[in-house]
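Given two chains presented individually in distinct reference frames, assemble the corresponding complex, making use of the accompanying hints.
One-letter residues, chain by chain:
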Amino acid sequence: AQSVTQLDSQVPVFEEAPVELRCNYSSSVSVYLFWYVQYPNQGLQLLLKYLSGSTLVKGINGFEAEFNKSQTSFHLRKPSVHISDTAEYFCAVRLIQGAQKLVFGQGTRLTINP
Amino acid sequence: EAGVAQSPRYKIIEKRQSVAFWCNPISGHATLYWYQQILGQGPKLLIQFQNNGVVDDSQLPKDRFSAERLKGVDSTLKIQPAKLEDSAVYLCASRKSGATYNEQFFGPGTRLTVL
Chain A
1 AQSVTQLDSQ
11 VPVFEEAPVE
21 LRCNYSSSVS
31 VYLFWYVQYP
41 NQGLQLLLKY
51 LSGSTLVKGI
61 NGFEAEFNKS
71 QTSFHLRKPS
81 VHISDTAEYF
91 CAVRLIQGAQ
101 KLVFGQGTRL
111 TINP
Chain B
1001 EAGVAQSPRY
1011 KIIEKRQSVA
1021 FWCNPISGHA
1031 TLYWYQQILG
1041 QGPKLLIQFQ
1051 NNGVVDDSQL
1061 PKDRFSAERL
1071 KGVDSTLKIQ
1081 PAKLEDSAVY
1091 LCASRKSGAT
1101 YNEQFFGPGT
1111 RLTVL
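So the sequences go chain by chain: A and B.
Numbered per our numbering, the first sequence spans residues 1 to 114.
Numbered per our numbering, the second sequence spans residues 1001 to 1115.
Isolated chain B (complex conformation) (with noise of 0.2 Å):
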């Protein structure tokens, strides 16, 4: 079974352009997260999809971020416009919904660095 995808795996831009990410959950699962992970921290959630649907978006600074899963698969993390704190490890997880507890895979992430 395939596992996360994500791209790209690095990315190096200047402060005030624009990025964005991309990932693949694993096949069937409905539930996709998406993490920060800044240097020297753990990862802390932006946003958390079910299917297509928002469920959790507190910690995502929507003046500059935003995320979408279309057709509920895969998903588009994107920043507008970076700032120097923005450079982190963004990690993309999936898990299976139903039960009271499915793991989350989580994805290599793509780092990206603000110049």
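Looking at chain A on its own, in the form it has when it is part of the complex (with noise of 0.2 Å):
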């Protein structure tokens, strides 16, 4: 069974500073890996996805998230955030063959200080 680790409940972040969010995940086959953020009292919405090719890939806001196979990680990068991206992040995988459903971490709680 795959699982998701986001390793910081929360983080804290002054305006314009850079931000680092860590997830790792475990499986035992290939997967597929996302991030997602959720704004209050709203549903899921996806920030980038990494299904192939380039280990690098860019998103939504200024979002970019790195997938390193050896260490099963997929942290997710800003190099300058806004107050407008306080928000819970998940990461999340889902099975590239098969069961086609997401996996999440526990998230992590953006908040961006003025």
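Please keep in mind that the hints were generated in silico from the structure rather than gathered at the bench.
This one's a predicted model, so the numbers in the text were calculated from it and none came from an experiment.
Careful: at least some of the hints might be erroneous.
[As the list claims (entries may be wrong)] Once the Cα atoms are required to be at most 30 Å apart in a straight line, the calculated DSS-like pairs of lysine-lysine come out as:
(1) B:K1078 with B:K1044
(2) B:K1044 with B:K1083
(3) B:K1078 with B:K1011
(4) B:K1011 with A:K69
(5) B:K1096 with A:K69
(6) B:K1062 with B:K1083
(7) B:K1015 with B:K1096
(8) B:K1083 with A:K49
(9) B:K1011 with B:K1083
(10) A:K58 with B:K1044
(11) B:K1062 with B:K1011
(12) B:K1044 with B:K1096
(13) B:K1096 with B:K1078
(14) B:K1096 with A:K58
(15) B:K1015 with A:K49
(16) B:K1015 with B:K1062
Printed below as a string of structure tokens:
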């Protein structure tokens, strides 16, 4: 079975500073990798995804993530954050073959301070 | 294109009462999911439908939870009777079928509070 660990439950950052949200996963077979964002009282929105190819993927709102197969990691980064980035961020995996359900990490709450 | 619709958005009930949630997926999306998101945790899949058939309900507490997707479009999720630990946000998602990868689109969720 797959599992996802988000290493930080909360990350406070000052506005315009860089940020990294960490994600490690476990799976015995190949997976797709995702980052979702959840704003208060809203559903999940896809930020970016890794399916294949280049290990550096770019998403919406200036976010990017790097897939590292040897370290089974998929960390999310942004070089300069804004107040509007305050939200909950979820890392998720899905099997490439077979079951198409998403398995989520527990989430990281990103708080941007002015 | 309209997104995934869910209702109600909020529901407060007493324990041992019954409750039902409704989901209308994006038009043409054959696959529909219900997730449970407990406060401070990531969403957990409860049940997955392909058209009106169940693909995966391994994590659905079947003694109290039930779900159906009549005619392969709208879906309802029911809890009877509710327990305090059922307090959570219930998210519905849908996706197209066919390709190896199609994005899942999520609705806004229904926040359930069980007192």
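Going down the list of hints, with the structure as the test:
Simply put, K1078 of chain B and K1044 of chain B have alpha-carbon atoms about 16 Å apart, close enough for the 30 Å limit, and the pair holds. Restraint check for K1044 of chain B and K1083 of chain B: the C-alpha separation of about 18 Å stays at or below 30 Å, so the hint holds. Taking the CA atoms of K1078 of chain B and K1011 of chain B, the gap is near 13 Å; set against the 30 Å cutoff, the hint holds. Distance restraint check for K1011 of chain B and K69 of chain A: the Cα-Cα separation of roughly 43 Å exceeds the 30 Å cut-off, and the hinted pair is therefore not satisfied.
Our distance criterion of 30 Å between C-alpha atoms is met by K1096 of chain B and K69 of chain A, whose separation comes to about 28 Å. The suggested pairing of K1062 of chain B with K1083 of chain B holds, with an alpha-carbon distance near 14 Å, which does not exceed 30 Å. A distance of roughly 36 Å separates the Cα atoms of K1015 of chain B and K1096 of chain B; the hinted pair therefore is violated under the 30 Å criterion. Restraint check for K1083 of chain B and K49 of chain A: the C-alpha separation of about 36 Å exceeds 30 Å, so the hint is violated.
For the given pair, K1011 of chain B sits about 14 Å from K1083 of chain B by alpha-carbon distance, which is consistent with the 30 Å threshold. This hinted pair checks out: K58 of chain A and K1044 of chain B have alpha carbons roughly 26 Å apart, not beyond 30 Å. A distance of roughly 21 Å separates the Cα atoms of K1062 of chain B and K1011 of chain B; the hinted pair therefore holds under the 30 Å criterion. With a C-alpha separation of about 20 Å, the suggested pair K1044 of chain B and K1096 of chain B falls inside the 30 Å cut-off, and the hint holds.
At roughly 24 Å between alpha-carbon atoms, K1096 of chain B and K1078 of chain B fall within 30 Å of each other, so this suggested pair holds. The suggested pairing of K1096 of chain B with K58 of chain A holds, with an alpha-carbon distance near 23 Å, which does not exceed 30 Å. In summary, the hint linking K1015 of chain B to K49 of chain A is not supported, as the alpha carbons are separated by about 39 Å, beyond the 30 Å threshold. Of the pairs offered as hints, the one joining K1015 of chain B and K1062 of chain B holds, with about 17 Å between alpha carbons and a cut-off of 30 Å not exceeded.
Hint check: violations occur at hints 4, 7, 8, 15; the rest are consistent with the structure.
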